[in-house]
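Take these sequences, add in the hints, and give me the full structure.
Chains A and B are the protein sequences, given in the same order. Heads up: the first sequence begins at 9 in the numbering used here, then just goes up one per residue. Heads up: the second sequence begins at 547 in the numbering used here, then just goes up one per residue.
Among these hints, one or two may not hold up.
[As the list claims (entries may be wrong)] In silico negatives: residues of chain A with every beta carbon more than 10 Å from chain B: (1) G48; (2) I50; (3) S102; (4) D145; (5) W173; (6) I188.
[Unchecked claim] Where chain B lies over chain A, by a calculated footprint (3+ residues, C-beta under 8 Å): (7) 65 to 79; (8) 119 to 133.
[As the list claims (entries may be wrong)] Non-contacting residues of chain A with respect to chain B, defined by C-beta distances greater than 10 Å in every case (computed): (9) L51; (10) I56; (11) E58; (12) P60; (13) N104; (14) A115; (15) M167.
If you are wondering where the hints come from, they were derived from the structure by calculation, not from laboratory data. C-beta: ideal position from N, C-alpha, C; glycine also.
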Amino acid sequence: MFVDQVDLSEARAPTSVRRKLKPVLLWSAVTDTTQGAGAGEILSAPLIIEYPFKRTTGPVIGAFLTGLRERVLIGSRAEDGRVIVPPAEFDPVSGNDLTELVEVGPAGVVTTWAWVSAPHAKHPLDRPFAWAQIRPDGADTSMLGAVDAGAMENMQTGMRVTPVWADEREGHICDIARWIPESDGGNA
Amino acid sequence: MRDVAIISFAQTPMRRRVDELNEVEMLMPAVHGALAQVDMTIDDIGFTCSGSTDYLAGMAFSFVSTLDAVGPWPPIQESHVEMDGAWALYEAWVKLQLGEIDTALVYAYAKSSPGDLPMVLTRQLDPITMGPLWPDSVSIAALQARALLDTGRVTEGDLAEVAVRSRRDALANPNAQLAWDRGLDDHLAEDYLVAPLRRSDCPPITDGAAAIVWAAGDEARSKVDRPAWIRGIDHRIEPIHLGLRDLTVSESTRIAAEKAGVADGPVDVAEIHAPFTHQELILRQAMGLGGSTAINPSGGALCANPMMTAGLVRLGEVANRISAGTADRGVAHATSGPCLQQNLVCVLEGDN
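Encoded structure:
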């Protein structure tokens, strides 16, 4: 379609331009669709959105992610003494760098939760589960996790849960495959 | 502080899905409605600022193409925030305070319907420790609702009351998407969507647009009988990690309300941007609103929640009531981010 609209006649374009454009515009790019069996069809091409670079996660978040790979939970100590997990790179009050890392949990306490009866395809579990904020032992703040509790009746604020680690871990938040009530086994 | 007022507000009817119009076409009635109400054109505007998000449009710099709704030729002074239009309004307010311009146009729009909105909103969470888990926006709100219920300060019945009142008030709002008269029992009989939230505790998914015209001093007085003057405006933000804050209160709203001077006089009307029922209760407490204040007479975000726009609509709804003379002093609130992470509070007043 576009080919018909491009006027490459001698009068409109100098010979040198014609020579350059002809193979580029006409023959390699569009001839198959415009002149072949698919004439008149809408052209399409794959669009892949990507960041073609890597970013380091730094000494604090990096330590947290490395810890997950080694089945260890890492927090950072704030200036007021609180242990924050996932670790904060900067003090939430003063903004100063935080450098002291502290091992916490991995088991902990549910501080709030929400029951998902119809999981989304992207959710971490394919059966009804609870989102929960979980405060690991030794920490003063909570982190998000999916608790595999079977039924809503098994969930309660204040209950103890423990992580189930993925078999293959790569230093990613999904290295914690799920959390389970400590009463269901613990020390998994 | 320079006297600056909202002199005009227009919004499109809020709908679940606007398929037949593109964003420019959807936005034009709001922009040109707001200008026409005060006999102005884009040539009369000193500064234009908009709020929208590329994450809904699915393309980078999507706001550039929607400038066509304004007609930016000859070139105009223009800016954009990847936030609710309430923050675009704040940027314009700062510019008006600087004194270089006397008028401003602020607009906001979103088509929330084409994508999977609760999943799109997970992209505003921490990308390393939360985003990969895909916790949808309803689930995140439900975590906050549970924390609030656990304090014993409110019950599920209190949440239901907010929903019932809002949808009933929306019957008088021709732009509302959801409006009905149903009782508490109907609400409480619903199954949980994500416990402890029921579907009626949640906002609808909405496509729509809104626009506001600002003017300073005599320019405002010459255009309308009763401009809605800004007496105070402030916004504050809290950490992104839910575990770092007390989800049952809104400290950022409390500080913003204090700085904006909410408590300096009686509040006739308050439009609170609370997408979920429990959030209205948290915000009312944070701003000290109750008693004689009419809360969300428009029905609020529970009746229409166009992304990036619902906060700006709150400002417009309060301004309309002041200009119409049904209120003398009002409070408008806008929120952004998970579990009320960022909040803006504005106090508006009419002359007597």
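> Which of the numbered hints above does this structure break?
Replying inline: none
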